[in-house]
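J.: Using the sequences provided together with the hints, build the complete structure.
444 is the number that this note's numbering gives to position 163 of the sequence shown; each next residue is one higher, with no gaps.
Hint data in this document are derived by calculation from the structure and do not stem from the laboratory. Be careful, since some hints might not be right.
Said to hold, decoys possible - Using C-beta positions, here's what the derived DEER-type ranges look like:
{"hint": "1", "residue 1": "Gly645", "residue 2": "Gly406", "range": "49 to 57 angstroms"}
{"hint": "2", "residue 1": "Ala581", "residue 2": "Leu381", "range": "41 to 49 angstroms"}
{"hint": "3", "residue 1": "Gly405", "residue 2": "Arg653", "range": "40 to 48 angstroms"}
{"hint": "4", "residue 1": "His521", "residue 2": "Asp656", "range": "36 to 44 angstroms"}
Here a beta-carbon is modelled for each residue, glycine too, at the ideal position from N, C-alpha and C.
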Amino acid sequence: MWAPLLRLADALGEEAELAVVGGAVRDELLGRPHADWDLATKLLPQTVMARAKAAGLRVIPTGLQHGTVTILLEDRPVEVTTFRSDGDYLDGRRPESVRLGVSLEEDLSRRDFTINAMALPVKGGPLVDPFRGRADLEKRLLRAVGDPLQRFAEDGLRTLRACRFAAQLGFQVEPATLAAIPQRLEVARKVAVERVFTELTKLLCGAAPQAGLDLLARTGLLDLWMPELRPMLGCGQNRHHRFDVWTHTLETVREVPADPGLRWAALLHDAGKPGARTAAPEGEVHFYGHEAGSLDAAAAVLARLKASQALQQDVLALIRHHGTHPTEAWSDAACRRFLRKLADDGLELARWAAFRLADQRAKGIEMDAREREHDGLLARLEALAAAAPPLSVRALALDGAALMKLADRKGGPWLGDLQRQLLEAVIEDPALNTPEALADLARQRLEMAGR
Numbered sequence: 282m283w284a285p286l287l288r289l290a291d292a293l294g295e296e297a298e299l300a301v302v303g304g305a306v307r308d309e310l311l312g313r314p315h316a317d318w319d320l321a322t323k324l325l326p327q328t329v330m331a332r333a334k335a336a337g338l339r340v341i342p343t344g345l346q347h348g349t350v351t352i353l354l355e356d357r358p359v360e361v362t363t364f365r366s367d368g369d370y371l372d373g374r375r376p377e378s379v380r381l382g383v384s385l386e387e388d389l390s391r392r393d394f395t396i397n398a399m400a401l402p403v404k405g406g407p408l409v410d411p412f413r414g415r416a417d418l419e420k421r422l423l424r425a426v427g428d429p430l431q432r433f434a435e436d437g438l439r440t441l442r443a444c445r446f447a448a449q450l451g452f453q454v455e456p457a458t459l460a461a462i463p464q465r466l467e468v469a470r471k472v473a474v475e476r477v478f479t480e481l482t483k484l485l486c487g488a489a490p491q492a493g494l495d496l497l498a499r500t501g502l503l504d505l506w507m508p509e510l511r512p513m514l515g516c517g518q519n520r521h522h523r524f525d526v527w528t529h530t531l532e533t534v535r536e537v538p539a540d541p542g543l544r545w546a547a548l549l550h551d552a553g554k555p556g557a558r559t560a561a562p563e564g565e566v567h568f569y570g571h572e573a574g575s576l577d578a579a580a581a582v583l584a585r586l587k588a589s590q591a592l593q594q595d596v597l598a599l600i601r602h603h604g605t606h607p608t609e610a611w612s613d614a615a616c617r618r619f620l621r622k623l624a625d626d627g628l629e630l631a632r633w634a635a636f637r638l639a640d641q642r643a644k645g646i647e648m649d650a651r652e653r654e655h656d657g658l659l660a661r662l663e664a665l666a667a668a669a670p671p672l673s674v675r676a677l678a679l680d681g682a683a684l685m686k687l688a689d690r691k692g693g694p695w696l697g698d699l700q701r702q703l704l705e706a707v708i709e710d711p712a713l714n715t716p717e718a719l720a721d722l723a724r725q726r727l728e729m730a731g732r
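T.: Written as structure tokens, this is what we have:
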């Protein structure tokens, strides 16, 4: 992107003092890939628009009241914001006013963390780093700009962003910054749940999600949006687990691939365990039926955070089937019935398998034999699935119209009953899924039912 940025700088002129700011600078210094290129300039937005248009660039006035315009550079949107300072924050979300025309250093002073308060002049020159953000990058430290209590009072999302950056970057939170988070929970409570969900998803998909989740629990942020998870902390398990429920959950999140559905399912899959925990007289701990409680808790959390319906369905399907453990003793028919259940829930076998393996690894016990067993079972299930067995009534060789013609009667509840019986038969023996065999079987079932 540097070549088009340089062309934009030429179009705006030397006096623009055009600089890359924020996360793009941080990620450039860390060598991390990033998609966003936020720019800051001394020019007022009307001047930016006029000069960019004169250079043949497409300009979108996305936030003139905040000094921001969007310019398309090689079809990529780049935000250009005039150096500004913020007025008072009264709602814990956004400033009541902004003042344009300040210095770059004053613009950087309003940002959340030192590692996000640096600037790189597009036309060249030294890094602008008034708050020693580069030193904090080298120390792998997350520090608020100035007074952390003030920073977190301005925007409640910043407390959650601290936890998110810790998860994404694997950084520690500087002690004073960390200590300020529990004191600003009332501000964090004001944040729109849609913004919270976005930050939590980024946290979960980070390189060190367990670090971010631990911070949520330690600071009290967890209780604001996911109080159902608090009982998991310190909830002891049985001899099949090395860790308590919360630590096992953190390990599962870490082990599973960084996919939003898988990571959210990992976080919520055992939320029902504390409520289902029982101890037998001999001391053995059980969690009978915890899947139902986990489903209820997961549904409540995801609905509260306004997750998309697609994500909710994916997460609930993973949780619903995470307690199913096929064994070598299962018949092929039993395996096909399991594949049918996954298909009915829209859950791919590979996703179920990835989640199951992460859940097993997160128990913290010897895994060599378990992984060999898992690999063998997955290979068997994949082979059965590759044979494309009929797993729904739509896959039967005789459709509803053919069965009504065979029975010489109109549709009704009897038809659904018959189709389910035929499906069970062909799951048991896929060779029966031919028009002739199904017709014979349908006649037998109809005769038995006295029809």
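J.: Next, verify each hint and record whether it holds.
T.: Against the structure, the hints come out as follows:
For glycine 645 and glycine 406, the hinted distance range of 49 to 57 angstroms is satisfied, since their beta carbons lie about 51 angstroms from each other. Roughly 44 angstroms separates the CB atoms of alanine 581 and leucine 381, a value that falls within the hinted 41 to 49 angstroms. For glycine 405 and arginine 653, the Cβ-Cβ distance of about 57 angstroms falls outside the hinted range of 40 to 48 angstroms, so the restraint is violated. Our hint of 36 to 44 angstroms for histidine 521 and aspartate 656 is violated, since their Cβ atoms are close to 20 angstroms apart.
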